[in-house]
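Position 270 of the sequence shown, counting from 1, maps to 270 under our numbering, and the rest follow consecutively.
This list has only true hints and no planted wrong ones.
Cross-link-like lysine-lysine pairs, in silico, DSBU-like; alpha carbons within 30 Å at most:
1. K293 with K203
2. K112 with K160
3. K293 with K278
4. K338 with K293
5. K129 with K112
6. K129 with K203
7. K203 with K122
Calculated from the structure, these hints are not laboratory results. Note that this is a predicted model, so its numbers are computed, not measured.
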Amino acid sequence: MYKVSLGKLLPFLAVFIYLAVTFKLFFIDWKLYEADEFLRFPSCTESIFNVDCDPSSCLRKPSPPPSTKAQINTKCHQISTQLISVHSHPREASDNLSTPNTIHFISLGQWKFTFLNYLSVKSAHVFAKPLYMVVHGDTQPHGIWWNRTITDIPNIYFAKRNRPLRIQGVYVPWVEHSSDILRIHTVFDNGGIYIDTDVLILKSFYPLRQFSMTLGRESHYGLGSSIIIAKPRAPFLCHWLSAYCSYRPFVWNWARYAVWSPHELAAQHPHLIHVEDKNLLHPSWHEPDLLFKGNYDWSENYAMHIWHRFGYVPETPEEIMHLNTTIGQVMRHVYQSKL
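Based on the sequences and whatever the hints tell you, model everything.
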């Protein structure tokens, strides 16, 4: 009797499971998906639904940066009617750099704000001193630390955004991929600074805002998308959006578009981007002991990404008071700073 080894069957089994899950996700909720927004990039001169994968199309007519807090462009039109003011006394702009001093966050799904998320927003307010901050998402965050955020921080807003469920007609099963494309497109339209809510800003970004585009190095083969600093319609962002024309949602290709693509584009267009090698994203994800166990010298860091998937993150102020590690030091630094 002919025997087939399990090792030979595994690749076919993996493909079968992937296709089954993909098509199940696609067909069961097709009414929801067809009613939602089909995002197409990067052409934004008329409508976001236009298909144009030529980067030159979005480099022809640069648009001026928003002049007031109400003019936040997210889909090639003003969303002032969707902008929910939590407080109403944003700071005045203090410079004329090409990158606006505004900060963007993304919140997709039911999201309970954590102590770390609160510190992320507070760090942006204290050290970046932005004109305003916007949380873009389909649902407002919730929880005691979100309530603390909107109580303590005077210049934060929430902008209603649908989660992108398709890119170039391809279904997006991973919320992380939806967040990636939404953050790039938001900064492309508006300019400013995007940060993940597990990023702590540790000093002014003023030197980095002089460049048309800045990313931090995450590894020798990737640039991180957890911090994006760019002027409106930055040419590099246009190329980055165009890379999504070939989007495929493979699990084993998780970082293809968010991390590897900008690394490759920076090699092709070095004049369009400033890469900060050490002072934005280090310690990196592959150096967790420096963050969670050691004492890293962060005196030159503009920011630090708290890689929460690679170690325990304190959940209360009491936990950080006597924590003699890098994460303890930076969280105390932010928590004890005056608003």
